[in-house]
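Chain A is already provided as a structure; the job is to place chain B on it using the hints.
Line order of the protein sequences matches chains A and B. Basically the working numbering = 1-based index in the first sequence + 7. Basically the working numbering = 1-based index in the second sequence + 7.
Short, incomplete list of chain B residues facing chain A, as computed with Cβ under 10 Å: (1) Arg370; (2) Asp379; (3) Val395; (4) Val397; (5) Glu398; (6) Gly433.
Here are the simulated distance ranges between beta carbons: (7) A:Ala39 - B:Glu294: 49 to 57 Å; (8) B:Asp404 - A:Pro64: 21 to 29 Å; (9) B:Glu488 - A:Arg150: 21 to 29 Å; (10) A:Arg217 - B:His373: 24 to 32 Å; (11) A:Asp119 - B:Ile372: 23 to 31 Å; (12) B:Glu349 - A:Ala176: 25 to 33 Å; (13) B:Leu351 - A:Ala176: 24 to 32 Å; (14) A:Ala176 - B:Ala330: 35 to 43 Å; (15) B:Arg406 - A:Ser105: 23 to 31 Å.
Simulated from the structure, these hints should not be mistaken for lab results. Everything numeric in this text was worked out from a predicted model, so none of it was measured. From the three backbone atoms N, C-alpha and C, an ideal C-beta is built for every residue, glycine too.
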Amino acid sequence: MRVVVADDSTLLREGVVRLLEEAGLEVVGQAADGEELLRKVRAHKPDVAVVDVRMPPTHTDEGLRAAREIRAELPDVSVLVLSQYVEVAYARELLAESAEGLGYLLKDRVTDVDAFADAVRRVAKGGSALDPEVVSQMLGRARRDDPLAELTPREREVLALMAEGRTNAAIAEALVVTDRAVEKHVTGIFAKLDLPAGGEDHRRVLAVLRFLDQPA
Amino acid sequence: MSSLRRALIALGIFAVLLGLASLALILGSNHTSPKGVAATLILIAGWGFVGTGLYAWYRRPGNRTGPLLTAVGFTWFFQALESSDSPAIFAIGAIGLTVPFAILIHLLVAFPSGRLERAFERLLVAVAYFVTIPMQLVWVLFADPGREGCDGCPSNPVQIHGHEGLAEAISTAQGLIAIPLVAASIIVIYRRWRGSPASERRVLTPVLATGAVAFGLLLVQLVLGQAGAGNGPQRVTFIAAIAAFACLPFALLIGLLRSRIGRDEEVRTQLTAENEQLTAELRAKVEELRASRARIVEAGYDERRRVERDLHDGAQQHLVALAMSLRLVRGRLESDPEAAAELLDEAMGELDEATRELRELARGIHPAVLTDRGLEAALGGLADRSPVPVEIVETPDGRMPSPVESATYFVIAEALTNVARYAEAGEATVRVARANGAVEIEVRDDGVGGADPAAGTGLRGLEDRVAALEGTLLIVSPAGEGTTVTARIPCA
Numbered sequence: 008m009r010v011v012v013a014d015d016s017t018l019l020r021e022g023v024v025r026l027l028e029e030a031g032l033e034v035v036g037q038a039a040d041g042e043e044l045l046r047k048v049r050a051h052k053p054d055v056a057v058v059d060v061r062m063p064p065t066h067t068d069e070g071l072r073a074a075r076e077i078r079a080e081l082p083d084v085s086v087l088v089l090s091q092y093v094e095v096a097y098a099r100e101l102l103a104e105s106a107e108g109l110g111y112l113l114k115d116r117v118t119d120v121d122a123f124a125d126a127v128r129r130v131a132k133g134g135s136a137l138d139p140e141v142v143s144q145m146l147g148r149a150r151r152d153d154p155l156a157e158l159t160p161r162e163r164e165v166l167a168l169m170a171e172g173r174t175n176a177a178i179a180e181a182l183v184v185t186d187r188a189v190e191k192h193v194t195g196i197f198a199k200l201d202l203p204a205g206g207e208d209h210r211r212v213l214a215v216l217r218f219l220d221q222p223a
Numbered sequence: 008m009s010s011l012r013r014a015l016i017a018l019g020i021f022a023v024l025l026g027l028a029s030l031a032l033i034l035g036s037n038h039t040s041p042k043g044v045a046a047t048l049i050l051i052a053g054w055g056f057v058g059t060g061l062y063a064w065y066r067r068p069g070n071r072t073g074p075l076l077t078a079v080g081f082t083w084f085f086q087a088l089e090s091s092d093s094p095a096i097f098a099i100g101a102i103g104l105t106v107p108f109a110i111l112i113h114l115l116v117a118f119p120s121g122r123l124e125r126a127f128e129r130l131l132v133a134v135a136y137f138v139t140i141p142m143q144l145v146w147v148l149f150a151d152p153g154r155e156g157c158d159g160c161p162s163n164p165v166q167i168h169g170h171e172g173l174a175e176a177i178s179t180a181q182g183l184i185a186i187p188l189v190a191a192s193i194i195v196i197y198r199r200w201r202g203s204p205a206s207e208r209r210v211l212t213p214v215l216a217t218g219a220v221a222f223g224l225l226l227v228q229l230v231l232g233q234a235g236a237g238n239g240p241q242r243v244t245f246i247a248a249i250a251a252f253a254c255l256p257f258a259l260l261i262g263l264l265r266s267r268i269g270r271d272e273e274v275r276t277q278l279t280a281e282n283e284q285l286t287a288e289l290r291a292k293v294e295e296l297r298a299s300r301a302r303i304v305e306a307g308y309d310e311r312r313r314v315e316r317d318l319h320d321g322a323q324q325h326l327v328a329l330a331m332s333l334r335l336v337r338g339r340l341e342s343d344p345e346a347a348a349e350l351l352d353e354a355m356g357e358l359d360e361a362t363r364e365l366r367e368l369a370r371g372i373h374p375a376v377l378t379d380r381g382l383e384a385a386l387g388g389l390a391d392r393s394p395v396p397v398e399i400v401e402t403p404d405g406r407m408p409s410p411v412e413s414a415t416y417f418v419i420a421e422a423l424t425n426v427a428r429y430a431e432a433g434e435a436t437v438r439v440a441r442a443n444g445a446v447e448i449e450v451r452d453d454g455v456g457g458a459d460p461a462a463g464t465g466l467r468g469l470e471d472r473v474a475a476l477e478g479t480l481l482i483v484s485p486a487g488e489g490t491t492v493t494a495r496i497p498c499a
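Bound conformation, chain A alone (with noise of 0.2 Å):
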């Protein structure tokens, strides 16, 4: 599986580098703005580009925007986008149109090798992967009438992983089920919050986020 990665700070970039080649990953290509990260995905279209959303010249959004483009010119390029901080407001963003092939993490989470690792494989395959804390703050906002309040606690737990783009498989694992009784959960969260049931995973994300990101 082959990684470009981009990351302004050397220090960091190098430390990404060093995890992803650690858990077996490929990374063909390093990039310090969004420039030379469109270059390196152009020159050597890999699975997946790892991108910190700050970059120069302006510090801003620069990540975001690089994702996008690479999204537009090469949709086989997968891209997870790495924050210092996480917003409802930027993952909306990148998730407008699909979740297929998309992630939104914190950067903290690369320090978790496994689950890091995990994440870019998911995303480098065509899934999704969303941070917990965007997850927990779209299903933690305060709602009148809230439609969540019906589901039990471990079903909730099951919509929060969902949300982060785990498969059924990976769901069962984290939550130590069987693949059965997360079906059966998933099957019972449509059927309460009045959801389209099934399909892929990367748009049972969408349907799942479209749901949660609803007005207060």
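Just chain B, lined up with the frame of chain A:
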């Protein structure tokens, strides 16, 4: 030179010539006495009326006072014709003699606007003209004006003889109409004076007082005439009335002069008062600015202390704990690998905690999303993290200047923090709209109300922050009716 001005100058020259001719007539007269008094009164009053009339006409062409004054002046010279020894000229004088008194009534009743506003005033003036022009004309046709009390007056050449009784009747009728007419004029003048504000009285008093005195004397003379008093007293009061009328133009000038001086004084008083008020306002503003500047500086230090404390209590503690864990790991790497692994897990937990706290701290100092994505996105984040449901009803399109955007964000953040802490609210709504060159912010909750704006230092700080942008902040919080925080910040 305007045509009006040319015409007025011509009238002035004509009046001068008329005066000189009058003087010649009086001085050459066989029957006028005393000549000095008659000449003085006629010339002073005639020229005085014409002079002030022309000046008033020139300055205020739209006001009839000028033409009326001028007309009084010119008709005044009819009196001089009575000094003539020529019967024809004497007769013309007798016909025109009373006209200026009608014009005087017109002038004073219409003063100072020059307009007859009420029907009663118009009636008064119409009667005055009727008594002095047609009635006088008819009287002259049947009477011999020089017949009584005048030695050497020429006889009336147009007199239709044999109707002395009719002439007597007309004269009596004139007198009987003139008495209530003059009395009514005095009343109108008095009411005009009573009804005018103090500032106008400065101009009106000299004119109206002189006019009232003159009319009063005229009234006495008329009453004496009707009562059949002797010629002597009648003549004295008549001359006194004429003298009073002669003063009228000068009374008008005095009035004008007083009004100008008065206005200067008034303007000066007003300017002084305004100046004092402005100075007081300025002083208050300076004091306010000094206080708010001090509070802003103090708030800056408070903020630094808070950041320092947060760093010390939060991230730094976790990092110290992490360092200790790592040292312990190092010591146990070989002797107790299992314990070392456990310690490493602990260390990573500390690290996670430290980074999380740093992140929160940074967000509190300035949310990056506000800079990157603007108010709507940043407010969305605030609403998401609020434990009370928050509805963002309205946000402006496009971006605002960064200081305005920041102030707006922090006003709403602080208001929502207060809602969560104190309001016991079921929900809150946030509205931000641009209108009339400003951004208007409203945060409303349905909680318990009763918030004391003076008590919350957070909101006080916000007030300064908003005031620094020339804005205003208002907190309305009646007990039991929720709290509404509104702010208005200028934003072109």
